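Peer 1: Since the structure of chain S is provided, determine the placement of chain H on it from the hints.
There are 2 protein chains.
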Amino acid sequence: MRIGELSRETGVAVPTIKYYVREKLLPAGWLTSPNQASYDDTHVRRLRLIRGLMDVGGLSVSAVREVLAAVDSPGPVHEVLGAAQDAITPPVTARPAGLEEARRAVLELLRRRGWCIEPAHPSVEAIAVALAAFRGFGHGEFEEVLDAYAEACERIAVADLAFVGRHAEVDGIVESVVIGTVLGDAVLTAMRRLAHMDASARRYGEEGREAGEGAREVSGGPDTPS
Amino acid sequence: MRIGELSRETGVAVPTIKYYVREKLLPAGWLTSPNQASYDDTHVRRLRLIRGLMDVGGLSVSAVREVLAAVDSPGPVHEVLGAAQDAITPPVTARPAGLEEARRAVLELLRRRGWCIEPAHPSVEAIAVALAAFRGFGHGEFEEVLDAYAEACERIAVADLAFVGRHAEVDGIVESVVIGTVLGDAVLTAMRRLAHMDASARRYGEEGREAGEGAREVSGGPDTPS
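So the protein sequences, as listed, match chains S and H. Using my numbering, you'd call the opening residue of the first sequence number 1 and step up by one each time. Using my numbering, you'd call the opening residue of the second sequence number 1 and step up by one each time.
If you're looking for bench data, these hints aren't it; they were derived computationally from the structure. Among these hints, one or two may not hold up.
Stated by the list, open to error - Heads up, incomplete: computed chain H residues facing chain S, CB under 8 Å, no partners named:
1) S7
2) G11
3) G29
4) W30
5) L31
6) P34
7) N35
8) V77
9) T89
10) A94
11) F142
12) A152
13) C153
14) M191
15) R192
16) R202
Because the structure is a prediction, the values reported are computed rather than measured. Just so you know, even glycine gets a beta-carbon here, dropped at the ideal spot from N, CA and C.
Only chain S is shown next, with the shape it has when bound in the complex (with noise of 0.2 Å):
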C-alpha cells in the first residue's frame, strides 16, 4: 500500500508517518519508484505498537526506540522480555535515606514468596526507593502491605501469562508482552483508583458528615436526610 492508505488504516497523519521513519522507529517503504515507497501489513502493525506506547503508556521517541530494539532483538524469549522492560521502565534515581534497609526487606520479600528474581534487577530498587520514602514519611507499616502487593501479582501475573502464551511465535509472544506491560500498567493503575473509590465511597462516604463541614452526602446509607 502507499503511505496515504497505511495513514488512513492507523490514524497517523502521513508527516507524522514520515517522522518515525525519519527517527528510525518504523522501517522506510519499499521504493517501486524514485519518489515512492509501499508499505504492508507489517507497518500497520508496528505504527499501532508505537502510537500505543506513546499515547496510552506515555513513552517518549527515545523510549519508544529502545523497546522496539528489544522486540526486534534475537534472543530467548526470557531475555528479550527482561530487555524491553527495562526499556519500558525508567530507572529510579531517588536515593532516599534508609535505602539499604528498604532493599534488604524487599530481597526478604522475594525470598519469602520464592520469586526467581535477579537482585540487581532496576524494579527491586524501584521498589526499594519508594518503601524508603514510606518510611520517610512515617508509613513504614506499608511493608505490611507488601505482601499483599506480592501475592495480587502473582495472581495478575498468571492472568497475563495466560493471554500471552496465545501467541505461539517468539515475535508475536514478544510484542504481546510489550504491549501488555505498557497497557497492562495503564489498565492496572487506573483500576486500583477505581477499586480505592469504591472502598473509600464504603467507607467513608458515611463519615463524611463527620469529618467535612457541610458536605453532602456520596454514598448516603438509608438513614441519609433526603
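Peer 2: Only chain H this time, still in chain S's reference frame:
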C-alpha cells in the same frame, strides 16, 4: 528551626526550598526578623511529601501543586480523595477507534463486580482507552484478563485502606492516601514486572534454548547441562 536546619533535616538544598516557597508548594516560614524566617515540623512533613511526589511519583511542579491543593482543601474525606486522585492522574487524551464499545465493556465490568463508581470517572476512560488500544492490536482477548485485574485490585484496595485506616484524623488520611496512591503505583508496577520475570523465568527459561540461538539457560532445571 531556621532554613539551614530544615535543609539538613529533609536533605533538600536551601535554594530548592526557597524555590518551592516561591512556587507556592511550601508555605513560607514565620518571619522572626526582617530577613530571617522560622520553620517547623509541618514544613518538614510537607517537604518530604513534595519530594516523594516528585522523586518517586515523577510528578511535575504543577501536578504537585494540584495534589497539595487537594490535600489542603477542607471537605469530606471521600471528595478530597477524589480531587487528589484527579490531580495525581494525568488525563488520557487518546481517542482510539472502538472507544465507545470499550467504555461499555468497562462499565459492564464495574456493574458485574458491584463497584460503586461514577461512570464519568477519569479512570473508567483510561481503562477504556487502553482496552480499545489492545483491540486495535488484535489483542481483544485482553478483556478476559480484566476480571483478574479487578479482583487483584479489590484485594489491594482492602490492604491499602487498612493501611490508611490507621491514621484517624482527616489530614493524616488524605496525606496517606496521596502518598499511598503515588508510591503505591510505583510499587505495584515494579512488583508486576518482578512477578512477570519470575513467571517468565519459569515458563520460558527452559524454552529459551529452542527459541533463541546459542542461548544460555536463565533458570536451569535439573536436566540443564552444567
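Peer 1: Under the constraints set out in the numbered hints, which ones does this structure not fulfil?
Peer 2: 1, 3, 4, 5, 6 and 7
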